[in-house]
Amino acid sequence: MSERTLVEAVALALQHAMEDNPDVVVLGEDVAVNGGVFRATNGLHEQFGGERVMDTPLAENMIAGLAIGMAAEGLRPVAEFQFMGFIYPAMEQIVGHAARLRNRTRGRLACPLVLRAPFGAGIHAPEHHSESTEALFAHIPGVRVVIPSSPARAYGLLLAAIADPDPVLFLEPKRIYRLVKETFTPNREPLPLDVCFTLREGSDITLVSWGASVVETLQAAEQLATLNVSAEVIDMATVSPLDMTSVLDSVVKTGRCVIVHEAARSGGIGGEIAAQIGEFCLLDLLAPVQRVTGYDTVVPLAKMEHLYLPGVEQIVAAAISAVEFE
Amino acid sequence: MQERVAQFEVDHVGFLDASGQVLEDLPEDIADLEVIKQGYRSMVLTRLFDARAINLQRTGQLGTFPSSLGQEAVTIGFSLAMQPNDRLVPSYREHGALLCRGVTLCELLLYWGGDERGSDYQQARKDFPLAVPIATQCLHAAGVATAIKLRSEPQAVVTVCGDGATSKGDFAEALNVAGVWQLPILFVVTNNQWAISVPRESQSHAQTLAQKAIAAGIDCLQVDGNDLLAVEYASRKALERARAGGGPFLIEAITYRMGDHTTADDARRYRDDDEVSSHWQGDPVARIRSYLVEQGGWTKDQEEALQADCQVELERAVADYLAVAPQPASAMFDYLYAELPEAYEGQRQQVIDRAAEGKTDE
Amino acid sequence: MSKFKLPDLGEGLTEAEISAWFVNVGDHVVVDQPLVAMETDKAVVDVPSPQAGQITGLFGEVGDIVATGAVLVEFAGDEAADRPDSGSDSGTVVGDIEVGDKTVTEEAIQVKAGGARLKATPAVRALARKHDIDLSVVTPSGSNGTITKADIERVAALLEQVGALEKLTGARRSMALNMAQAGEEVVPATVFDDADISDWSAGTEPMPRLLRAMVVACQGEPALNAWYDSHAVGRRLLSQIDIGIAVDSEHGLFVPVLRDAQTLDASQLKNRLAELIEQTRDRTIPAAELRGSTITLSNFGSIGGRYANPVVLPPTVAIVGAGRSRDEVVARQGQPTVRRILPLSLCFDHRAVTGGEATRFIQLMMADLSLAD
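Just so you know, the sequences run in chain order G, Y and U.
Following the numbering used here, the numbering of the first sequence begins with 1 at its first residue and continues without gaps.
Following the numbering used here, the numbering of the second sequence begins with 1 at its first residue and continues without gaps.
Following the numbering used here, the numbering of the third sequence begins with 1 at its first residue and continues without gaps.
No lab work stands behind these hints, which were simulated from the structure alone.
A virtual CB, placed ideally from N, CA and C, is assigned to each residue, including glycine.
A hint or two may mislead.
Unchecked claim - Once the Cα atoms are required to be at most 30 Å apart in a straight line, the calculated DSBU-like pairs of lysine-lysine come out as:
(1) Lys102(U) with Lys130(U)
(2) Lys253(G) with Lys270(U)
(3) Lys37(Y) with Lys42(U)
(4) Lys300(Y) with Lys5(U)
(5) Lys119(U) with Lys130(U)
(6) Lys300(Y) with Lys42(U)
(7) Lys149(U) with Lys119(U)
(8) Lys119(U) with Lys167(U)
(9) Lys119(U) with Lys300(Y)
(10) Lys237(Y) with Lys37(Y)
(11) Lys237(Y) with Lys168(Y)
(12) Lys253(G) with Lys5(U)
(13) Lys300(Y) with Lys37(Y)
(14) Lys253(G) with Lys119(U)
As the list claims (entries may be wrong) - Not close to chain G: a few residues of chain Y, all C-beta gaps over 12 Å, as computed:
(15) Ala6
(16) Asp17
(17) Ser19
(18) Ser152
(19) Asp170
(20) Lys237
(21) Arg271
(22) Asp273
(23) Val312
(24) Glu339
(25) Ile352
(26) Asp353
Stated by the list, open to error - Which bits of chain G does chain Y cover? Going by a derived footprint, with three or more residues having C-beta under 8 Å, they are:
(27) 62-74
(28) 79-88
(29) 105-114
Please model the entire structure based on the sequences and the hints provided.
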């Protein structure tokens with residue numbers, strides 16, 4: 001058994017993946033000698049050397065393009081974007097190439113790469129370091145978007161992402177990088193992609209979330225329990241493709257749903273989930289599906305950050321209004 | 001106090017004049033005549049294919065097509081210098097190079113006809129498909145070269161881009177990483193003087209495009225891109241060096257885009273007919289033919305046979321292309337992931353049903 | 001149009017074979033651009049274009065022999081179509097942008113919010129459907145007037161208690177539907193009065209006298225013997241008087257029609273009436289005889305009651321209701337006296353009939369009814 005924080009779990013997964021498969025390589029800015037600005041690649045350069053753990057020049061688009069070329073050649077590159085806020089120059093490479101290389105060559109070439117990026121707000125960072133724009137990528141066919149919410153899931157899902165033959169954008173919620181240590185067995189086994197994790201069973205309402213917001217969602221469920229509301233909590237984990245089967249099964253049972261995401265409201269993935277709930281279990285709903293989200297604003301700087309992120313209070317209030325709806 | 005800490009030079013190389021006459025003594029290791037004849041055959045086939053493709057587009061049997069008219073010496077030149085296990089990472093106008101690499105005429109037609117199977121090359125399995133977003137392929141090439149270097153393969157990568165592409169970040173980023181990591185990669189900049197309607201002088205203030213390599217610490221050469229001999233020679237030297245671990249190289253091939261940007265473009269909107277005419281004087285196909293006639297005993301019979309063979313091959317490929325059965329509608333989904341996620345199975349079935357309905361309506 | 005003829009390719013050669021075309025019809029070419037490869041006895045020669053222009057014709061296929069001086073290529077003339085800024089501009093660099101030929105004008109409409117309807121969630125609606133409950137009978141108890149699941153269940157329990165729903169059929173069903181339609185359409189008004197039938201001989205049956213009185217009144221006030229068309233906003237005054245007679249039976253309400261009442265004398269009226277009633281009660285009356293009345297009579301007085309608001313059945317515009325006759329003390333010349341009174345109700349559709357017409361109609365009936373015979 002190991003006790004690890006989320007970011008340590010990421011480093012451990014990388015280490016195990018690289019030990020088990022010589023084709024796994026790591027690249028990015030400051031990932032080698034420095035071990036990554038968040039220490040996510042700590043120790044890898046010492047263990048595997050500069051050929052497999054590469055400090056790249058400063059160019060995000062280049063990092064993505066390199067990874068694509070390497071992946072097409074059969075390597076398993078795990079490329080780091082230092083912050084999600086700097087991933088945007090790489091959009092062309094991700095959307096135009098990584099996501100469609102298998103499709104456009106009818107399977108002749110594939111792109112088994114992982115693009116890792118710390119994302120999300122809540123660490124009082126300077127501008128541009130608090131992005132939660134996963135919806136932009138969830139909209140792109142051909143690329144998976146995976147978001148762990150705990151150390152154990154970070155470990156297992158990253159192993160799965162590296163083993164997957166298709167491109168995965170692996171977004172690490174940096175607010176909870178070190179929030180807790182978790183004890184888990186680092187058994188080198190991947191967790192499944194494309195499925196949710198039900199973290200708490202309940203009968204009155206389904207709370208759906210991913211990333212750091214799972215922490216507040218679980219806390220909200222605790223509070224709701226004291227108010228006699230039994231909340232089921234689902235961590236989507238993979239937000240593209242969505243495991244709607246599990247979500248719908250839960251909503252059929254509870255009749256109510258609140259979706260929680262830190263990302264801005266409009267065009268967020270919560271909308272897609274809500275639309276599918278409406279489409280497939282309308283008659284089971286006892287109340288409208290609600291979304292508790294970040295506002296449609298630029299993430300405010302440190303002084304106002306606490307007013308932006310969806311907190312336990314907001315989640316509980318939404319759940320109560322759903323329960324009392326009629 | 002001020003002292004010079006760096007300066008640069010860029011050389012231009014050419015072996016033939018505009019009419020195909022040898023300028024001065026050729027190097028001893030210039031390509032032998034059999035190789036040049038092979039190259040000439042490829043250039044003729046490429047030019048005929050080009051015209052045929054335009055014809056197919058005009059008659060509604062092919063989609064938008066970018067002509068490579070006038071640039072045949074560049075693409076065939078570097079292709080002659082490539083080994084089968086090298087990799088080609090092209091842009092979208094290198095039809096001649098793809099043909100040399102073993103991509104079939106039918107595959108080319110399928111791609112431009114709007115069928116993804118055109119990129120599923122049966123030969124050249126590791127070559128990258130055409131790249132449309134400008135200069136993005138330069139980074140893929142760097143990634144491929146990184147993998148080759150990591151595995152200590154004695155191979156090299158050729159990537160091709162245009163004059164417009166040298167303005168793009170991807171190009172600069174690719175040069176930069178190729179230089180600092182000393183990747184086995186040959187960058188061929190096809191300077192055909194036009195990026196759609198933007199002429200070379202509006203694209204960059206740099207005196208040559210080759211010198212952008214120097215900024216990344218990479219050696220470079222400017223070459224007469226309409227001289228097959230020169231392109232082949234320079235490419236061969238660069239690739240031999242790269243394969244041996246000597247690092248990257250950049251060739252700026254000076255040529256001219258004789259056709260429109262694509263079949264949907266009309267270049268007369270932005271350039272003079274007279275300018276285009278003047279470039280027919282240095283037509284690469286005519287020049288190398290002259291060379292072969294003078295130096296290689298190329299005969300009329302050979303020429304006749306070549307034209308006839310090319311026509312036959314072309315017509316057979318066109319017939320094959322027109323006869324290809326369409327992909328099943330599910331192909332839209334079947335190559336999106338190694339295994340289609342359950343989440344999309346409903347949609348996949350929808351498109352299958354939709355295609356079936358279409359058939360029963362007929 | 002200009003034609004380019006195959007030039008002399010060298011020393012008086014008379015012909016050459018087309019080896020390969022380098023251009024297509026429709027291409028724009030420039031001076032010196034190779035058009036075609038021609039094969040002579042001595043060589044294969046590229047033939048350059050003599051001019052810039054658009055190719056409108058190629059004369060010959062690969063393998064054809066062309067004579068020196070024969071037309072090889074045709075160029076478009078100096079027409080507008082030749083210039084870049086004319087209609088040949090595709091206006092794109094990839095694909096096909098369709099060019100339509102319609103000009104449209106549009107005005108955006110401002111969508112106004114609709115009125116309030118019954119509020120219930122889809123799940124509640126589905127539950128109501130399952131219990132076969134019309135939402136309009138459910139009193140909402142939710143906030144904002146929403147019908148809740150509990151409301152549906154309450155109504156369902158209630159209906160269960162009161163017993164199963166009897167679905168209406170036959171005459172009862174027709175009555176329900178016809179009356180509903182009448183209720184939606186007709187604008188009813190009623191005038192009540194009393195006929196003095198003291199002078200009738202003993203045993204006089206009221207129906208024939210009523211029928212006769214109606215005929216007289218229709219002839220005097222034809223506006224009440226008419227059909228009204230609400231869609232066309234028009235009426236048809238009818239010369240024929242076909243009186244619909246409300247007949248109560250164990251199967252429900254029927255209204256057989258006594259046709260051409262204006263042509264029948266007293267005994268004919270009586271006989272025809274008896275026939276209709278018998279046929280109605282034993283259900284042998286043909287359907288045609290239950291249709292097409294021009295005015296209706298409801299003699300509910302045969303059972304009881306005085307005055308009523310009987311329902312005008314569209315497209316007719318009037319219905320007479322006759323109550324039970326009774327002795328009544330009335331004032332005549334300042335003195336109380338007992339008279340035999342037959343109460344009358346005339347309900348009319350005020351869209352087609354004025355109060356004046358209706359009042360005069362009932363006066364005419366009263367006058368005729370007051371006669372001894």
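Hints, verified against the model:
1. Lys102(U) with Lys130(U): violated, 51 Å
2. Lys253(G) with Lys270(U): violated, 73 Å
3. Lys37(Y) with Lys42(U): Given that 30 Å is the threshold and the Cα spacing comes to 20 Å, the pair holds.
4. Lys300(Y) with Lys5(U): With a Cα-Cα distance of about 23 Å, the restraint between Lys300(Y) and Lys5(U) holds, given a limit of 30 Å.
5. Lys119(U) with Lys130(U): Holds, at about 17 Å.
6. Lys300(Y) with Lys42(U): Holds: Lys300(Y) and Lys42(U) sit about 7 Å apart, inside 30 Å.
7. Lys149(U) with Lys119(U): holds, 12 Å
8. Lys119(U) with Lys167(U): Measuring from Cα to Cα gives roughly 27 Å; hence the hint holds.
9. Lys119(U) with Lys300(Y): violated, 90 Å
10. Lys237(Y) with Lys37(Y): With a Cα-Cα distance of about 20 Å, the restraint between Lys237(Y) and Lys37(Y) holds, given a limit of 30 Å.
11. Lys237(Y) with Lys168(Y): holds, 27 Å
12. Lys253(G) with Lys5(U): violated, 85 Å
13. Lys300(Y) with Lys37(Y): holds, 14 Å
14. Lys253(G) with Lys119(U): It holds: about 24 Å lies between the C-alpha atoms, which stays within 30 Å.
15. Ala6: holds, 19 Å
16. Asp17: holds, 39 Å
17. Ser19: holds, 41 Å
18. Ser152: violated, 10 Å
19. Asp170: Contrary to the label, Asp170(Y) does not stay out of reach of chain G, its closest Cβ about 6 Å off (not over 12 Å).
20. Lys237: holds, 24 Å
21. Arg271: Holds, since 29 Å exceeds 12 Å.
22. Asp273: Correct as stated: the minimum Cβ-Cβ distance to chain G is 36 Å, above 12 Å.
23. Val312: The assertion about Val312(Y) holds, with a minimum of 28 Å to chain G.
24. Glu339: Incorrect as stated: the minimum Cβ-Cβ distance to chain G is 8 Å, not above 12 Å.
25. Ile352: Holds: least Cβ distance 17 Å, greater than 12 Å.
26. Asp353: At roughly 18 Å from the nearest Cβ of chain G, Asp353(Y) sits farther out than 12 Å, so the non-interface label holds.
27. 62-74: Holds, because 12 residues of the stretch 62-74 of chain G bring their Cβ atoms closer than 8 Å to Cβ atoms of chain Y.
28. 79-88: Violated: only 0 residues of the stretch 79-88 of chain G have a Cβ under 8 Å from chain Y.
29. 105-114: holds (count 6)
Checked against the numbered hints given earlier, this structure breaks hints 1, 2, 9, 12, 18, 19, 24, 28; the rest are met.
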